[in-house]
Amino acid sequence: MENNEYLEVFIEESKEHIQSLNDQILILENEPGNMDTVGEIFRSAHTLKGMAATMGYQDLADLTHKMENVLDAVRNNKLSINSDIIDVIFQAVDQLEGMVVDIASGGDGSSDVQELVHKLQAIENNEDLSTVTATPSAEVNSVQATEKAGANHFAKLDEFELTILNQSNEKGFTNYELNIRLNENCLLKAARVYMVFEVLEQVGEVIKSDPTVQELEEENFDLAFHVLLVTKLDAEEIKQRIMKISEIEEAIISPFQLRKWDEGSSSEQQDTKASEVSESNETQGENKKAATNSNNGKSVASKTIRVNIDRLDGLMNLFEELVIDRGRLEQISANLKHAELQETVERMTRISGDLQNIILNMRMVPVEQVFNRFPRMVRQLSKDLGKKVNLEIIGAETELDRTVIDEIGDPLVHLIRNSLDHGIETPDVRRERGKDEEGSLLLKAYHSGNHVFIEIADDGAGINRQKVVNKAISNQVITAEEANTLSDEQVFQLIMSSGFSTADKISDVSGRGVGLDVVKNTIESLGGSITIESKEGEGSLFSIQLPLTLSIISVLLVEVEKEKYAVPLSSIIETAIINRKEILNAHNKKVIDFRGKVVPLISLKEVFEVPEVEEEDDLCSVVIIRKGEKMAGLIVNKFIGQQEIVLKSLGDYLGDVFGISGATILGDGQVALILDTNTLIN
Amino acid sequence: MEGTKNQQSIIIELEKEEYAIPVELIGGIERMQHITRVPKTAEFVKGVINLRGVVTPILDLRERFGMDPIAQTDSTRIIIVHMEKFDVGFIVDAAYDVLDIPQEIIEPAPKVIGTVDADYIEGVAKVDKRLIMLLQLENVLSLESYEKAREGTHL
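Which chain is which? The protein sequence lines are A and B, in order.
Note that this note's numbering numbers the first sequence so that position 274 is 274, with each residue one more than the last.
One rule links them: number in this note's numbering = place in the second sequence (from 1) + 1000.
FYI, nobody ran anything at the bench for these hints, they're computed from the structure.
Among these hints, one or two may not hold up.
To be verified - Partial pick of chain A residues on the chain B-facing surface, computed with a CB cut under 10 Å:
#1 224
#2 321
#3 435
#4 608
#5 609
#6 648
#7 658
#8 660
#9 666
#10 670
#11 673
Stated by the list, open to error - Here are the simulated PhoX-like pairs of lysine-lysine, each with C-alpha atoms no more than 20 Å apart in a straight line:
#12 A:562 x B:1126
#13 A:648 x B:1040
#14 A:564 x B:1040
What the hints assert, rightly or not - Here's a subset of chain A near chain B, in silico, CB distances under 10 Å, partners left out:
#15 31
#16 32
#17 33
#18 314
#19 315
#20 317
#21 324
#22 607
#23 612
#24 649
#25 657
#26 664
#27 671
Computed from a prediction, not measured in an experiment: that's the story for all the values here.
Just so you know, even glycine gets a beta-carbon here, dropped at the ideal spot from N, CA and C.
Given the sequences, and given the hints that come with them, work out the whole structure.
So this is what it looks like as structure tokens:
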């Protein structure tokens, strides 16, 4: 396919437009009168249609075209938004998404859109019939372009144009109507028109033209055309500028009277005839878009380029190699004690540190990418479940490593489904319990230290401890005796063990209890953790802690006998050197009294069966680590120091090794293992 | 030899016996180097090395096949093998030449080699009076196969 090089761009942009459609339609549902939103939706649909048609995806173009017609009707007050319309539009958007996904996976994006096209048509016509019955040509309005040039060429203006014209008046711009006539001998009319528009766009904004821009481009007009312009310049100057273009016969510029027109607008709009055509509206949409772009483009949007993620990964891999060599150089220079070399290496270290920040930042993506599909999902689910839910999203701009973003979507979907299904109650139950009928679901992301937290909080029923305990006992996850000793939090953690579901009825929504343990596993495989807080009757809070990045971390290198291990700094509270006499015994376990707390000790030598070479002395070095509330002290022989390391996997063959989360390559080229402090504490 | 397919193989030595690994699976032959022990893994897994930036697990084939350990010598080598999903290194006594083994002279492994039912031997070929055993690499790597073999020797 010759379009191949554009295909990728097309898919990416289509996805963005579909997302924007989703977002805006949701807003529209809440504020049916919001014309800006309708405009946004219209523009997205329109761009999508244009792109699809260019790429030759006819079904896609057809569907968007119909959608556009409906939106156009809404925009022109011919239709009022209701839930049914929103539903159909959502269905259409879903189908669009399906088609784009199909295209992305190599399909041709064809799909049976007839049903939806008919539905959209019906919506469109319903209104047409009720308000414009008198107009026999109403049905053809979507097909035929108009050239009803009356005395006033701009008798019909839509809400957008009105707003712009109004605002321009307020801001000291003047609205002009331009009648431009080309020379009879003009050969390339379209080119002249283009030049005129270029001149006009330098001095102001073209709001509307008659005939439409498209028709002008196709030379689908005689010699004269009319333009509605907003500018700060005066009429004479504009005229001069236009007349500088050759082959222009005349240009008549007169101020455009908005007020006079405004008064009659409501009635005029009511008996809109076929002249209010989607084709012309499209150009208006385009003009408006161009206008907003030129307004905001410079100030707001910074320049960006799209980069294939593979290239970034390649860059990251190369940089990791560099970090390893950097470590090696540091070591060599420390051994040689050569002043000049040391200085150079220090400089290099600083620069590569900066480089590291930049590369890591490049891979950071706002969590919004994951969050933005949730409003749709929550809307649909709450409808299916007959619940009222208000979803609030905070901190969508929080950034996370691309790899984490890719993995975190499914677990979040699951948790949200869980909250909606099991957490938030139905409106009547909520009323009985004296709560607001509308449940609230809070999705919140924020940075803290080297971690990103994502919280899902609902004000629903909360978790019933007894129910969980009973279930766990009957599923033989725990014994009755154990149950009594567990803290609330430990009990809540049980709902994430495999084969567990407390819902009395299995629903389609949150599955069969195979889910939450998958959620937990996914999050832990990302180096994160999940905790649950809950108060019965008041709601639950699922809190996910994730590392900022997966590939380069800070560690403390320690030596156990002759072996080197890396302990992630994120899990270290502090290090201490204690006398062996301070080690106490409790239940045959070694513990120490650390700042008033009893902390169990773990001898890495024993856990990892390290061959013994060194003699024990009276002092031992201890790394105090923590996992949530729990702490433990790791006995090691020596602290080597803090270092940035590149995380590498042990590979598929070794798979999961107890107590080890991965490996890294040290400055001397040797491999050191990274401790998995989470499993060690358990 | 028309119409026959030859199996090009690297010949390795273990306890004076010769084994063959298909040459297209070989990623390199390395000298012995520092191996980082990985705790809590099978005995024959010696640990991991840094192979040009990739952490690669290293297996001791002598231990895998239940032979007595010997001290490493100048000829001790690590053979890097590309498996489908990962690379792995084998410690062997020595690695020699590449040999063409015609398909038709490969015979199925005899049921009993010594005392162990060795499912890690795919076949045996006799080339110029040399007896060469072709390794079944999946089973060489398999922990189950190892444990089965060990039970066999203990009986």
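Q | Structure versus earlier hints, numbers of those that do not hold, lowest first | A | Those not satisfied are hints 1, 3, 12, 15, 16, 17, 18, 19 and 23.
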